[in-house]
Amino acid sequence: MFDGILTVTVFLPAVAAILVAIFARGKNADQQIRWISIGATVATFVLSVMIFVGYDQDAGGIQMVDYMERWIPIDALRSSYLLGVDGLSAPLVLLTGILGMAAALGSWRIKKRVREYFMWLLMLQSAVLGVFLALDLLLFFIFFEFELIPMFMLIAIWGSGRPRYSAMKFVLFTLTGGAFMLVGILAIFVTPGVNTLAMVSIPELGITGIPELIAGADLVIPAALIFLFFFIAFAVKLPLWPVHSWLPDAHTDAPTAVSVMLAGVLLKMAGYGLLRINLGFFQETKGFTIYDVAGALSILAAVSVIYGGIITIRQTDMKRLIAYSSISHMGFVMLGVSAVGSSAASTSAGGLSGAAMQMFTHGTITGLAFLLVGLSYERTHTRHIPHLGGLWKKMPLIAIFFVIAGFGSLGLPALSGFVAEIMVFLGTFSVWPWATGVSAFGVVLAAGYTLWMVQRVFFGARPATPGLSDEVYDNLTDANWVDMIPVIALAAPIFIVGIWPSVITDMFDIGIQAVLR
Amino acid sequence: MTVQDFWVLSPEISMAVLALLVISVDLMTRSMAKVATVAFIGLSVPVILTLNLWFGWFGEPTVGAALFGTVEADRFSLFFKFLLLTVTAGTILASAKYIASDRMKDYGGEFVSLVLISVTGMMVLVSATELITIYVALELSALPIVALAAIHRSKRGVEAGTKFFVLSAISSAVLLYGFAFIYGYTGTTQLSVIMERLAVLSSEPGVPFGSYAVLLSVIMIFAGFGFKMAVVPWQMWVPDVYQGAPTPVAAFLSIASKAAAFAVIMRIMYTAFGDPMLMQDWSGLFAILAAVTMTVGNVLALSQSNIKRLLGYSTIAQAGYILIGLASVPANQVGATFAGAGPQSVMYYLVGYAFSNLAVFFAVIAITSRTKDDSIEGLNGLGKRSPLLAGLLVFGLLSLLGMPPTVGFMTKVVVFGSALNANLTWLAVIGVVNTVIAAYYYLRVIRAIMFEDAKDETTFGADKPVLAAAGVAAIGAGVFGVAPFLLLEFAQSALSIIPGS
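Chains A and B are the protein sequences, given in the same order.
For the first sequence, the working numbering assigns the number 1 to the initial residue and increments by one for each residue that follows.
For the second sequence, the working numbering assigns the number 1001 to the initial residue and increments by one for each residue that follows.
Extracted from the complex, chain A is given alone in its bound form (with noise of 0.2 Å):
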């Protein structure tokens, strides 16, 4: 079974790298060089769309699957060729689309090896993309850890501050994860009676999941450590407190689209890993499930929402401060997972829709927030907020859709970080109440440290010791239509999401209908 349509969405951006790093040669490369990149990256949201709305909501299950089955022939290693999609990863395939689009309107100033540029970022695409696409485990990894290369050198060519050790540490932190999450695959490849490695059941090409396979399987390694291997990764990646320190160094350093993509659909990897690995895997496991420690994952949440909270009020660099805001807000996605609570009784999918939706909605509102620090950035050239003051005559586009970001970052109902929050909350409330109650906490430290900052860097009097000279301040312009572009593509998601929530929550509760079995 080969539908094609998936295979094409995934390497399209691949294809298009190839075809820059080749062609556009002579005068006007750099400017042929944006358009094939940006011309690849609308038909990739084009196509993202389209596998959006061509999902069948009522059919459910697995859609216009690719499959080849033998992609290596080792009998030890049982893995195919497979994509899919389902309800979980629909609207995250949609995201990817929005924010490659977005990112790649987004570099169109980007001066600096403009072919290696967008290059790599195409290339980004392909991966992430994979990653939400890809059905068989060995095929996801590779799409995970393929798109460390890509950012790698994003960060560290195109980067600011300390680009080169920012870079290393996010390879370094990210590949420590995916060797633990390399441990799982393979333990999970070798048990007897595993004989593919679908994460998923196609019924309809014969295809039993692991899901299935493993449950009341005896593995080769403890249940517990293989989810525990699984965990580490996505942790490291969402990211948990304590493993989140690479973080804010490679957000602050990374190039503004980089952090659109990092911010916007990286970390969303480990979200949608979470959903679908450790929760969709370890369900029925024999002397080990998810059940077991969803208490103890609502505890790591709230800690990671209140802490990421606090340590994001304390900041005053505006990129360093949203960097650690998405701590904080990867939080409740992890709570959000934790809502399946102690036993298949108590748990609340709508909690667990909540986690995914608060995903796709981080992704957009951060996005977008990331933006608008990148285009105040090439203003000012500062992003120390004490320097910085009375933004708002000067550049007013910018400050209002950077109050939209906020409000959306803070939860104001209409907009879509409201429906997320409030899911998240309702589902989780009845499984853990007292983590869901501290966690609550973290929307009004969103509150303080998102209002204080807008406050402080767009409305507030200019400081007494400017860091903006008179001149470089009165000589300020606000976005035009190509910045415009971007911003205007990142926030309607967050209006559309907010007014009317069911087009992605229906498709989200359908995923995890599936992977609750």
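Take these hints with a grain of salt, some might be off.
[What the hints assert, rightly or not] Derived lysine-lysine pairs resembling DSSO-like cross-links, with alpha carbons at most 27 Å apart:
| # | chain 1 | residue 1 | chain 2 | residue 2 |
| --- | --- | --- | --- | --- |
| 1 | A | 169 | B | 1384 |
| 2 | A | 111 | B | 1384 |
| 3 | B | 1034 | B | 1163 |
| 4 | B | 1384 | B | 1308 |
| 5 | B | 1308 | B | 1155 |
| 6 | B | 1372 | B | 1155 |
| 7 | A | 112 | A | 169 |
| 8 | B | 1308 | A | 169 |
| 9 | B | 1384 | B | 1163 |
| 10 | B | 1034 | A | 27 |
| 11 | A | 112 | B | 1384 |
| 12 | B | 1105 | B | 1155 |
| 13 | B | 1034 | B | 1105 |
| 14 | A | 111 | B | 1455 |
| 15 | B | 1308 | A | 112 |
Read the hints as simulated data drawn from the structure, not as lab findings.
None of the values given here were measured: they were computed from a predicted structure.
Chain A is fixed; fit chain B onto it per the hints.
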């Protein structure tokens, strides 16, 4: 010699003839380009003859034993002959420029012909099924390398050659002593007969290998080949020789010599000591060696500042990963899914490693021949100075690191998978942890190439032959990573020597 013997040995014979031909051509011409061309084109003869043995083009008989059962052209040996021939072709291409350089042009012919003679030895080695033949072939493959390492007559070169010679001689002596024990115990030097006799003889309960004599001989055989495979604790010579010897020789040494040693130790272990009870014992020994080798190699590589020394330590670590595959004998686990997973993973890993390492070494050859600087700092800013070479080098390093979608990743997955298959979970975990340690120093080199600023900004290209060799190696490393089935099926069909597959 019968017709059968001639056919079975035809690749080796043609290789030896080619070596002599190269020397003769060298006498007739001063042009090193001609010498290299003759050698490169001449290599097609052994390649065709090896292909003939695999496919049986020129009629029967093809595959079989020869010379009273001392060598055997089975698919296992042919697999490795293909690998050796590929490496040789690459080495000759990559050294075409080097042998034409001023200080080398008087010994260019000797250089090429010594490489070919050494390969002849290795080709006999991988098909030898008898202890004395193994020993003779091993010496034939090692002695030319001594001369090759010292061919510069520089201080470091001579030191490298001397070091290699002395240690090689000692290891051969130890190996021979081990062989003597086996002969004394079983009364035969034929590997297959040894297995039959051991099954009857070794029965002392509680003693590894059933008898102290066998235990002692196995340890000595390990020690002897451990030197060639660059396995800890017989790895001391590697960094010095790699740094001192000409880079093409280091490339040749790091791949061909290692592959041949792994091939012969696989054959010895699986045919002479292939009894399931014995397998248990040597598997444990290999597992420990693997853990120590990769850890020591990787940790020592962390602090290196010379790219050739770093690659030396990296090849030690890589040998450790390959040993995981050797240790993964399915006898460890009752009802393991596939008897050949361990050996198959070794063969796959060796080929993948060969391609990745060749890409790296050839790129380094091309770069250092221009910059005359083999420190890691010398690679600073290479991404700007020579984008193509930098790209090839980075790609090769990423493959050695084990980054998807290169062959380095897939080989590691297969090797670790076979370890888990053989119930060696702890070894797989150590292997995975090691890949993270290794990431640090590979990334350090990549960082220098891509991000640091060069002192000297002049750009340079590369000579076509070495570029072609590195490019083909890199393409191989990519293709076999994306489409691993190409190699794995090849390796599986070559596993005829493994009992039960």
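Each hint tested on the structure:
For the hint pairing residue 169 (chain A) with residue 1384 (chain B), the CA-to-CA distance comes to about 24 Å; that is within 27 Å, so the pair holds. Restraint check: the Cα-Cα separation between residue 111 (chain A) and residue 1384 (chain B) comes to about 16 Å, which is no more than 27 Å; the hinted pair holds. A hinted pair counts as satisfied when its Cα atoms are at most 27 Å apart, and residue 1034 (chain B) with residue 1163 (chain B) does not qualify at roughly 33 Å. This hinted pair checks out: residue 1384 (chain B) and residue 1308 (chain B) have alpha carbons roughly 22 Å apart, not beyond 27 Å.
For the proposed pair residue 1308 (chain B) and residue 1155 (chain B), the alpha carbon gap of about 17 Å is at most 27 Å, so the pair holds. The suggested pairing of residue 1372 (chain B) with residue 1155 (chain B) holds, with an alpha-carbon distance near 17 Å, which does not exceed 27 Å. Between residue 112 (chain A) and residue 169 (chain A), the direct Cα distance comes to roughly 23 Å. Compliance with the 27 Å bound is thereby established for this hinted pair. This hinted pair checks out: residue 1308 (chain B) and residue 169 (chain A) have alpha carbons roughly 26 Å apart, not beyond 27 Å.
The straight-line distance between the Cα atoms of residue 1384 (chain B) and residue 1163 (chain B) is roughly 38 Å, outside the 27 Å bound, and the hint therefore fails. With a CA separation close to 41 Å, the supplied pair residue 1034 (chain B) and residue 27 (chain A) exceeds the 27 Å bound. Only pairs whose Cα atoms come within 27 Å are accepted, and residue 112 (chain A) paired with residue 1384 (chain B) is accepted, the gap being roughly 12 Å. Between residue 1105 (chain B) and residue 1155 (chain B), the direct Cα distance comes to roughly 19 Å. Compliance with the 27 Å bound is thereby established for this hinted pair.
Among the hinted pairs, residue 1034 (chain B) with residue 1105 (chain B) is consistent with the structure: their alpha-carbon atoms are about 12 Å apart, no more than 27 Å. A hinted pair counts as satisfied when its Cα atoms are at most 27 Å apart, and residue 111 (chain A) with residue 1455 (chain B) qualifies at roughly 23 Å. Of the pairs offered as hints, the one joining residue 1308 (chain B) and residue 112 (chain A) is violated, with about 32 Å between alpha carbons and a cut-off of 27 Å exceeded.
Checked against the numbered hints listed earlier, the structure breaks hints 3, 9, 10 and 15; every other hint is satisfied.
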